[in-house]
Amino acid sequence: MMPFIQDAAVAHPLDGTSAEWIWVVLMLPALGAMLNGIIAAISEWRPGPYDPDRKHWGHGGIGVTGEHRIRAKEDDVAGVTEELRSMMAHAHSAGETASTGSGDHPAVEEEPHDPDARHRWFYPVSIVGVGVMLAAFGLALAIYFDMRGARADEAFVRSYFTWMEAGRLKLDAALWLDQLSMVMTLIITGVGALIHLFSVGYMGKDGLYARYFMYLNLFVFFMLLLVLGSSYPVMFVGWEGVGLCSYLLIGFWFTVKSNADAGKKAFVVNRIGDFGMLVAMFLMFANWKALDYAGVSSAVQAIPNGDWLVTGICLLLFLGCTGKSAQIPLYTWLPDAMAGPTPVSALIHAATMVTAGVYLIARSGFLFALAPAASLTVVAVGALTALFAATIGLKQWDIKKVLAYSTVSQLGYMFVAVGAGAYVAGVFHLTTHAFFKALLFLGAGSVIHAMHHAYHKTRRHEDAQDMRNMGGLAKFLPVTCVTMWIGTLAIAGIPPFSGFFSKDEILASTFARAHGTTLAEASWLGIPGNVVMQGAWLALTIAAAITAVYMTRMMWYTFHGENRTGPGERGELHESPWVMTVPLVALAIAAMSGGWLNLPKFFTDAAPVGQSVSLEHWLEPVVGQATAMVGHGEAPHLAHNTELMLVAIATLIAIGSVAFALYRFRSIPLVPAKEDKHEERGFWKVLQQKYYVDEIYDALILRPGLAISNTLFYKGIDRGLIDGLTVNGLGWRIPWLIGKAGSALQNGRVSTYVWVLLIGAVAVLGAVATG
Amino acid sequence: MIAEALALSAALFTIGVVGVLTRRNALIIFMCIELMLNAVNLAFVAFSRMHGATGQVFVIFVMTVAAAEAAVGLAIVIAIFRHRQTVDLDGLRILRG
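Residue numbers (our numbering), protein chains in the order written: chain F, 1 to 771; chain B, 1 to 97.
Next up, chain B with everything else stripped away, as it sits in the complex:
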């Protein structure tokens, strides 16, 4: 049972990573990050069946942080859109050294 849960978690995490690496839309990348976080949450829950409730406690923490991060991240995305009328990240190169 745990093997399947971990395999699903790994698959979700990989999808999230690939999405972050390949997509250019800030919102999609943002959703992929959420996907990665939730893949980790799944792994924590799966492990909690073997090692006690610590994993579930972590999941609560991760969800809390993810909520805060979603609020901040979406605010940033909206701010970028207001400035540039686009959320295409390849167009944002002002950090170039």
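Excised from the complex, chain F in its bound form:
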């Protein structure tokens, strides 16, 4: 095993257990990324169909595999010519599909190779990519069971080497394993392994399959580094790394410009948040001379509640969270991120990366508990985002866009929880959301896969993601339909599915913290804290109703009613292969039973199930102190009857909304997207246009920014000051003038030179003689 520099000062219950192997969990995905990277480099060495130079098409390279060419040889002549004709037809139509750019993978459509041909390195890539994830998950499970056995109140910290040392700054490359990072590690490796398996089916025929798995494995490595790092800078490396992988995977089909632009947008928007993170870290080090979690938490012990410095640091950290976790005002990148492959949306933009902000606030609970104003900001932004994004989800036609806005909305719930100091509720919803949202995204992937396949067979270029083109798919995709309904019921908050318990706990915690807590006594922008908390509760309750409506709408229009694909496609629609349905079923089971992780107290009191696995009990050593600090020494809780009443309200709202949506959308028949002439009016149009936020940002920030850049910075400073004054002035025109004067002396007459020589000699002699 790897040597470590410093041992824990005191004996830790996990010393010598499998927890010592935590670095292996981290490095396994890195190994996978390396191996798949090598395979990608080998398999993409020759120019292929993705090469911008189209003359290489069909001459080996990516996608057009050896086995494909052998099969072509074995076929009779007629078969070969048929294939050539189809290749030409595709090359011809490639321009049209690229220009629409709305499909899930138009770049694949452009490939002039047999759509049923697997990647040349299909088996090595799949085995490495999924294998490292399964191994990491297995090891994480072993560590989890050791952790359950040895109840550790302190984090298990292992330092492997000194990362950097300068002056008073000393940073170790150290891992920090406690109950919170354990939960995150299990989610990342467990849900991650299922999504990797799904990807085998979804991406196996893509020309860049090896590269895809390299990125995906690399993402898991950085995500694990983010949750296992022992200090803010180590966490920040993971934070930036997942951002990089997110960028690479959003723009995975980069030959279509809109996909590449979406990746760029995600990266640039996240930069704004990362600026906040960096400044927060600078402030921490400048004031407390510490950057690791242990050092910072001990440095703030003596700081009074509401200290301006802590508040500032918390707000800056939260700015980072709004970027990474897609909250107002930096959420706009997440809907665009749906340009990536659907498993990527499931893993990065639903289950793991976007929850990094929630993790960060739960991790920094000792800071946020000291800053009620910053915590109220988190609550207010989270509640606004939850409501705002949910309403947009009501009017989207793209199946992935609905899920994207739903993710933004659910992240808002988590932020309300962690902002209110209910860290357990936040992490609980994070966990259940990872299950049901990964499930929903993978289900959507399965639907898109089937639709895309059908359109490919009939050679029609329709949008495979538009719900108006679907309908009645339950008959063709029964497993996908059932599992997605489970996910929908979970997110809608129908008991006893997981989302019901976690969402209810967030609502109850928010309600409970509206009185008698530091938050309720503080004020936010002049609004009393208790009003903010009550408003957040109301917003979340309304958002819960809207969530149930838009999810039911999505399910109804996708799987039920009339089939709108067309007669040719209907014959080609079929259920996905087992590698895709197995993850769906596994996640469906998790989404059904995830609520048992943390059953509410009234429930465990009433039914004799015991405190088998309580997330609250499990996370107590990590967040217990911070939770208690918000409630003046003890965790806030509600009276028995109030809690029951809240549960009743939430249940009624969820069931009522689903029933209402079913009743409503049954009666509105749809037509395929191309024939749809229906124009939304009034507020519905505002919703369909996503509140025009992108346009507002464009008008308020981008255009003025561009104008300032163009006039002041480009024309004024760059071309005026730097080019005009220094480069062309000091650097060129003034030396030119001096040179011109000097060259006048060089008139070419030897006698002049002799005169100059003589005068010089006399001057030197005179100087020597007189001096």
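No lab work stands behind these hints: they were computed from the structure. Predicted model only: the values in this text are computed from it and were never measured. Be aware that a few hints might be false.
What the hints assert, rightly or not - Restricting the straight-line Cα-Cα distance to at most 25 Å, the calculated cross-link-like pairs of lysine to any residue (SDA-like) are:
1. Lys475/F with Pro567/F
2. Lys395/F with Lys674/F
3. Lys674/F with Arg570/F
4. Lys170/F with Leu283/F
5. Lys205/F with Tyr123/F
6. Lys740/F with Leu92/B
7. Lys740/F with Leu95/B
8. Lys265/F with Ala707/F
9. Lys740/F with Asp90/B
Unchecked claim - Partial list, computed: chain F residues near chain B (C-beta under 10 Å):
10. Ser743
11. Gln746
12. Arg749
13. Val750
14. Ser751
15. Leu758
What the hints assert, rightly or not - Going by beta-carbon spacing under 10 Å, a handful of chain B positions derived as facing chain F:
16. Val17
17. Val20
18. Thr22
19. Arg23
20. Arg24
21. Ala26
22. Ile29
23. Leu89
24. Asp90
25. Leu92
26. Arg93
27. Ile94
28. Leu95
29. Arg96
Backbone N, C-alpha and C fix where the C-beta goes; we use that ideal spot for every residue, glycine too.
With chain F fixed as given, assemble chain B onto it according to the hints.
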């Protein structure tokens, strides 16, 4: 005795300098340079009467260098003449910057 020798040397050197500065014919300028060199030689010989034979050794060196220089210089002058059919130095201005 030495004063007269040095005065002659100075006079010859001055004649050489003035010739180089004022004349335009390359050959004349060349001869004036030789004159200057020999004025220096005269001064060396005059001084050797007071300070020993070092001055005369230098004169031998100067004459050697002057011979080499005369060979190279005359070759250049001939080359210029072949190109331009004149050795008037004021007409040679191709070094102008």
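Verification of the supplied hints:
1. Lys475/F with Pro567/F: holds, 15 Å
2. Lys395/F with Lys674/F: holds, 17 Å
3. Lys674/F with Arg570/F: holds, 18 Å
4. Lys170/F with Leu283/F: It holds: about 16 Å lies between the C-alpha atoms, which stays within 25 Å.
5. Lys205/F with Tyr123/F: Distance ~12 Å between Lys205/F and Tyr123/F Cα, so the pair holds.
6. Lys740/F with Leu92/B: holds, 21 Å
7. Lys740/F with Leu95/B: OK: Lys740/F and Leu95/B at ~15 Å, within 25 Å.
8. Lys265/F with Ala707/F: This hinted pair holds, its Cα atoms lying about 19 Å apart.
9. Lys740/F with Asp90/B: holds, 22 Å
10. Ser743: holds, 4 Å
11. Gln746: holds, 3 Å
12. Arg749: At 6 Å from the nearest chain B Cβ, Arg749/F passes the 10 Å test, so the hint holds.
13. Val750: holds, 5 Å
14. Ser751: Hint on Ser751/F: holds, closest Cβ of chain B at ~6 Å, below 10 Å.
15. Leu758: holds, 7 Å
16. Val17: holds, 7 Å
17. Val20: holds, 6 Å
18. Thr22: Check passed: Cβ of Thr22/B comes within 8 Å of chain F, closer than 10 Å.
19. Arg23: Check passed: Cβ of Arg23/B comes within 9 Å of chain F, closer than 10 Å.
20. Arg24: holds, 8 Å
21. Ala26: holds, 9 Å
22. Ile29: At about 8 Å, which falls below the 10 Å cut-off, the nearest Cβ of chain F leaves the hint on Ile29/B intact, so it holds.
23. Leu89: holds, 5 Å
24. Asp90: holds, 6 Å
25. Leu92: holds, 7 Å
26. Arg93: Hint holds; Arg93/B Cβ to chain F Cβ min 3 Å, cut 10 Å.
27. Ile94: Because about 6 Å separates Ile94/B from the closest Cβ in chain F, which is inside the 10 Å limit, the hint holds.
28. Leu95: holds, 4 Å
29. Arg96: Arg96/B check passes; min Cβ-Cβ to chain F is 3 Å, inside 10 Å.
When the structure is compared with the earlier hints, no violation turns up for any of them.
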